[in-house]
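Using the hints, put the two chains back together into the complex; each one sits in its own frame.
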Amino acid sequence: MEAILTDCVQNSLRHFMFKNAIFLCERLCAEFPSEVNLQLLAACYLQNNQAYSAYHILKGTQTAQSRYLFAISCFQMDLLNEAETALCPANEAGGEIPNGAAGHYLLGLIYRYTDRKKSAIHHFRLALSINPLLWAAYEELCVLGAAKEATVVFSEAAALCIQNQYLHHGLPSPNLHMSSEDYNLVSSRNFGSEDVSPRKLKHTQGNNLRGIPGNHHGAVVLSGAASQPQNGGPSNMSFYNTPSPMASQLSGVAPPPLCRNMQPNGSNLNTVNTDGSPRSIVNSTIQAPRRKFVDEGKLRKISGRLFSDSGPRRSTRLTGDTGANTNANTAAVAGNGTNNSSKYLGSSKLSSVAPRTVTVRKGQSWVNENIEEGIRNEAFDDSCANVASTTSSSFSSDNVRSLDHDGATVLVGGVVVSGAKAVSGASEVLCLLRTLGEGYRLSCLYRCQDALDAYLRLPHRHYNTSWVLSQVGKAHFELVDYLEADLAFSLARQVSPYSLEGMDIYSTVLYHLKEDMKLSYLTQELISTDRLAPQSWCAMGNCYSLQKDHETALKIFHRAVRLNSRFAYAHTLSGHEYVALEDFENGIKSYQNALRIDSRHYNAWYGLGMIFFRQERFEFSEHHFGMALQINPCSSVIMSYLGTTLHALKKSEDAIKIMDRAILADRKNPLPMYQKANILMSLEKFDDALEVLEELKEYAPRESSVYALMGKIYKRRNMHEKAMLHFGIALDLKPSATDVATIKAAIEKLHVPDELEDNLSTE
Amino acid sequence: MATESLELEEEGKIIGGNQHLIVDDDLREMGKKAAWSVSSCKTGNGVSSLRDDNLENYWQSDGAQPHLVNIQFQKKVKLQLVVLYMDFKLDESYTPSKISIRAGDGFHNLKEIKTVELVKPTGWIYLSLSGNDPRETFVNTFMLQIAVLSNHLNGRDTHVRQIKVYGPRPNPIPHQPFQFTSREFITYSTVR
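Listed in order, the protein sequences are those of chains A and B. Following the UniProt record's numbering, the numbering of the first sequence begins with 1 at its first residue and continues without gaps. Following the UniProt record's numbering, the numbering of the second sequence begins with 1 at its first residue and continues without gaps.
Extracted from the complex, chain B is given alone in its bound form (with noise of 0.2 Å):
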């Protein structure tokens, strides 16, 4: 889950945003394998600036609210943690500011799981997908949408710079119930 941010997180309101990306190590990046595509984008601001590491380009739309960005697994994944980088400062009137997270499936049957209004965000905004019951920490699923709904100053298009997505890791040992915490049970579970 995210550690320390700046923002204030009061009936779905997020204020500004964290310069560093810090998460916890039992979580893994999952974007990998998944098949990202947008609902639109201007020529040279496609879908690969969202994954390219690089804070400096962004994906741009270039069509009708609400813009949409769909992550799709081959398989159902855990999923825990959504993170991403705006700049208010930079991006201004293309700035998100309403965020939807959708889950399903496919594209028939997504169910939107979380909202969010974000406030002038300026680096990386973290949007975790859990529930309050402990065993709603994760979201299990196929087909993750994020979805702008609306942007800083009512502009039309927007700009994302950077999209993480974030599961559990799975347990190195395979088939078994639980993961193993000492370092006895560690060293001696595997061979190297």
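Okay, chain A solo, but in the shape it has when bound (with noise of 0.2 Å):
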């Protein structure tokens, strides 16, 4: 009876029927209360975005397995201390960490949140030199400013990593050998491939599988089933713990991997694994593996059913199960684009997997591995469908148990593969990530060039991803070219119009280029494809402030900021928004609390800077200034203010050498020479002030206050006529009401002389 319902509850959550699949649990655990029974219903809870119901279930239990589930139902539930304790209780010092690198990367997430940056950065590295695929991991230590080289962290010597992982758990246990059984696997290669002979797995004691959802959008994850032990061994659980639930801003959708496992003989499992509600919020975590067997005509059926496009994708299997006890290290694969089938012997079909969407996707599925034992089989069939795999899919290490006796294979994914394959196909995933790993390092390093030609490397396919395109969006906007960002962004919209990814940049980029009516149709279209993401809200915010309307632009802000109080952005808008209504100690608040989440984000020191240079704290305004440039070294606008303020300072000398940098790093801002004349004329180096104004005449031709500028200097050298000619220039330009006010007062002043410093003053 509990195999039967324990089978039921997963085929619900492959389905997902969480209702029934709730309903069902619990009738599973009142007549066989277990812990792994408890595990399960907390995976359906989970499921069903119930995070505060796994939460009190899975109180107080100690296996490493519920340790984990219930830190994750914490973290959903913003109960960061509890969650930390529960990975990693205090009085454990050495205690392992349930899950290996699902178990680290939840930990550095904690950590991260909770200020402690060294802790995070180290256990983002122990999760990485565990699963070299995880990718989540990765950008997590990017966006600290922490991460190594790509070539260093994907390297070949991670791919062996892989396949030891795959090849490790063979286990010795012998008697579990199914050498007399074939291992055939089915091959969930296709789905609607015959060749599927049924094969029998043998699982070591009780495959049960178990889902466990990481994805707190409901990410399907296949909760094993409870798999009748082939010895008659006790039904171990695995879970697969996937993905923490990022608060970052990453709205991607993971997709759904499924799983399919093979069938071991007798059992029904049913692995599928799918992950990726695309919800757009945050999330992008794949869950990964589950491992489930499934009946083979289960299969085919499911296979119809849930995928329409079957052949191709297919997300590596990994079957790890030979029977062995195999651990579970499963290895989430998700990659749609990415594991180009590599993994898959002999499965040509898989090999065409024609990667959709796509690829990196920040969630990732993977699989953690359980510790309990269990055979773990994964099969994650990455249901490219429509949404964006993660590319990363990291190889469950799952037990690919080769166990065959040439122990040369490896079964991944449910595919008899030969070790070699399997480590070929681990290189290519890993040159992959490579490739995007070095794009998206440079370019949280803010070496903008740098990352764009990274990203060019990509092949066609991976490139015209919407993930892609939206670095490549965000890299041309830190350049401050906001044509080609604007270009790139669109781009990917056409690729993904469901995708929120980068979506509050590209509202930036808009309100930059004053493109009001290409903003209210992008923020229409955010709104209307998910009302509770906070790209959405900061792209109507946007929207407004372009009209000038801060009032209402700050309330939508603080919506945004309410939806997803980690959203740094949010916070870094609504301060630029104080600041235009001149409420400098709410602005201060604000991008303060944006530095808290992310300490690198260099707008919020810059709107520190103005705020303190508006109020005549150069010290103050020098200081952030400086920590904004420390972090983006290219930027010439915040060149350019480091200079206005050391000016202020009084340390004019530096200001020129900081002027002459920003005019170098970029020429087509006109700015710093401006600023330079300014800070000449101000030192009475008129000559030089005029030779650097006649300069940027060529370059802005129609900017009235370079002529104001000139005509002001001549009128100090009191070359009256030069003066009069560019006033009248400038006045030609069109400035604004105030300006036109100054200069004509300027006009009349030119004619009575007058040594005394007059209304031209700065105001």
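There's no promise every hint is true.
Okay, derived cross-link-like pairs now, DSS-like style, lysine-lysine, Cα gap no bigger than 25 Å in a straight line [said to hold, decoys possible]:
{"hint": "1", "chain 1": "A", "residue 1": "K744", "chain 2": "B", "residue 2": "K114"}
{"hint": "2", "chain 1": "A", "residue 1": "K589", "chain 2": "B", "residue 2": "K78"}
{"hint": "3", "chain 1": "B", "residue 1": "K32", "chain 2": "A", "residue 2": "K548"}
{"hint": "4", "chain 1": "A", "residue 1": "K555", "chain 2": "B", "residue 2": "K114"}
{"hint": "5", "chain 1": "B", "residue 1": "K75", "chain 2": "A", "residue 2": "K548"}
{"hint": "6", "chain 1": "B", "residue 1": "K32", "chain 2": "A", "residue 2": "K744"}
{"hint": "7", "chain 1": "A", "residue 1": "K734", "chain 2": "B", "residue 2": "K78"}
{"hint": "8", "chain 1": "A", "residue 1": "K548", "chain 2": "B", "residue 2": "K114"}
{"hint": "9", "chain 1": "B", "residue 1": "K33", "chain 2": "A", "residue 2": "K555"}
{"hint": "10", "chain 1": "A", "residue 1": "K548", "chain 2": "B", "residue 2": "K33"}
{"hint": "11", "chain 1": "B", "residue 1": "K120", "chain 2": "A", "residue 2": "K749"}
{"hint": "12", "chain 1": "B", "residue 1": "K164", "chain 2": "A", "residue 2": "K589"}
{"hint": "13", "chain 1": "A", "residue 1": "K589", "chain 2": "B", "residue 2": "K13"}
{"hint": "14", "chain 1": "A", "residue 1": "K555", "chain 2": "B", "residue 2": "K76"}
{"hint": "15", "chain 1": "B", "residue 1": "K76", "chain 2": "A", "residue 2": "K548"}
{"hint": "16", "chain 1": "A", "residue 1": "K555", "chain 2": "B", "residue 2": "K32"}
{"hint": "17", "chain 1": "A", "residue 1": "K514", "chain 2": "A", "residue 2": "K734"}
{"hint": "18", "chain 1": "B", "residue 1": "K76", "chain 2": "A", "residue 2": "K744"}
Simulated from the structure, these hints should not be mistaken for lab results. All figures in this text were calculated on a predicted structure; none of them were measured in a lab.
This is the structure:
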């Protein structure tokens, strides 16, 4: 009865029938109370977005998998302390972190959000070393500014590591060996593929696959069905945990990988891992694996149903089950595009995976190790269907046990692949991740041109995916090249119109370009896609701000903040609005909030610098601009402001030096030249100033302030005719009303030479 | 500055009013930063009705003329335009007919800067504070006082439905002598 119930639950989960799953699972737990079943129930709750329920039922449990699930529930409920104690109990200093890479990743996130950067970095690195395909960890490291080069992380050694993980689980428990059995794994190769011959997998004691939904957005997790242990062993549960919710502003949705497993004889375990609800809110992790064995018949049916495009997609399946105790390391494989079936032996069809969307998506599914033992087979099928799939797939170091006699075969994804192929498959994935990782790392370091070059090395099919195009757009944005950014982002929208990743930056680009039609259109689309995503509201706020309605814009940014308080950019934008409304105190608070979330958010440092500059607290202002410049050393705008501040602090030589740097950094930026001229003028080096301004005239011939300043200088030099000429031109270029008044007043005074400073003083 | 009004300005007389409130983009409403007070009011029709963006309710005075609306700022501000909403058709004898605008540092040194006569105003009335000299585009002051000196048909008390005060937008870039006008400059002038 237990087995049947478990199977039903997992089946329901696979088909997203959460209510059914929860009901049946509660019956299961009532009938056979055990921790394993409790974990399954928690999984159901987490899938159904009821983290609080999972929290309550798992409170106090001690097994590793339970602790991991409990930590995920706490994290979703924002109870970071409890999550941390669950993962890493205080009294057990050397205790093992449940679920290996995933556990470390979750712990890293917790440390990051509680301001313990070093520990966070440490754990992300550990996670990556255990599972080199854990892209999300690498991404976090980049954001924290502590990522090593991608070639180091996603290196060939990593490929070997992955292979080892596969082979490693060939546990020596001989009794479970399937030597007697065939390892024919049902290939989940094609769903519809006929060649699936029922394979029996021997499971070592009890393969329970329980899927754990990692995705709080309802990723489907496959719950492993309790399998009848072949040998009558106890059912083990393997849980796969997946992804900790990334609070980052990813709205990516990971496509649910579907796993299929081979079917063990007699047990119907369906592993279908689907993850990925494409919910726009952050979640990028994909849940991985769950292993289940499915009935072959079921498999076909399911596959037929679930995958309309069967052949090509396939996530690697890791079938690690060879009956041996496989430890669970399941690598999550998700990657539609990335895994190009390399892992499948001979499944040519698999290789035809044509990634549809994708590529690097932040969510990834990975499979966590099941510490409990159990067999984990996971087969993931990436359902690339519209979902951005996470590109990185980590292989579950699932037990791909190639328990073959020759030892060279490895089970991956239900297909027996040879060890060599596994490595080559892994290498291909790593190669892709290397390029993407390098690009992302460089763009986090704001070396934008290099990042763009890195992304250009990607094959076209990967480049033309929404994540990559958004990143390209962001890079152009940082280079202050708004037209290119606009192009890149609009392409990204064409490719994936439902994706919200990076759309907040796109709205800022449109704001800078003053394209109010496009911006309002974008806002409408985003809001109708997802009313609960902070990016949509950021776009709307930018729209109002462009129309100078700062109060409404502020309200809207507040809404974005309430929707996701870990979205740093919303805080920064609120800060900008406060400054526009001249409410500096609240502005400072907002910027500081943004910095608390992400201390490398240079816009917030810049914002603070500007506030202090306005308030004439120049030392503070210098410090903050300096910090901003440290993070983003190529920004000519920040350099020019730093220069003006230095000049205000009377460090005029340094000021001029920085201005020159700024001029060199970006030739298209006219501001540093203008500021330099200003500085020179106040240093009374009129000729130099005039020289600079003459040059500037070439760059920006229609800028009234250039002529006004020149007029001012000529007036100081008592060259009244020239002054008059320039003031006249300045007036023709339609300056603002205040400036009109100032210039006209200056003209009047021309005829009354006046050494005392007049109303031409800076306001 | 106010645009297309139906009024005729001759010797400070304004006839009629505007249906719509249209103000230049480079002006912004400054009233939120000020403390508003009135010389007298009837219960339920107090000073808040002047600032609530609702044209249905009005401030009604309750005392001797002149009726005063005082607008006090915490620091000196540049003001350019005052806009009032009045409706002769609804308010008849309560509608102001002569208005004087005074400015200064406080109650002790207010000086009149503008007087205007209204003839059956219905709608928004734009009163510009600028002088003829380009140097006098703005009035730089701590306090503004709007005095209703007399009403239509010799009414004693007055109704005013809304008052807005406008000044120039500050330079978005602080400590700059001039504001930027061209696209290249503006694009590069801030980080958002």
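Going through the hints against the structure:
no. : hint               : in the structure
1   : K744(A) to K114(B) : 23 Å, holds
2   : K589(A) to K78(B)  : 28 Å, violated
3   : K32(B) to K548(A)  : 16 Å, holds
4   : K555(A) to K114(B) : 38 Å, violated
5   : K75(B) to K548(A)  : 23 Å, holds
6   : K32(B) to K744(A)  : 30 Å, violated
7   : K734(A) to K78(B)  : 20 Å, holds
8   : K548(A) to K114(B) : 30 Å, violated
9   : K33(B) to K555(A)  : 19 Å, holds
10  : K548(A) to K33(B)  : 17 Å, holds
11  : K120(B) to K749(A) : 43 Å, violated
12  : K164(B) to K589(A) : 30 Å, violated
13  : K589(A) to K13(B)  : 49 Å, violated
14  : K555(A) to K76(B)  : 28 Å, violated
15  : K76(B) to K548(A)  : 23 Å, holds
16  : K555(A) to K32(B)  : 17 Å, holds
17  : K514(A) to K734(A) : 19 Å, holds
18  : K76(B) to K744(A)  : 22 Å, holds
The structure fails to meet hints 2, 4, 6, 8, 11, 12, 13, 14 from the earlier list, while all remaining hints are met.
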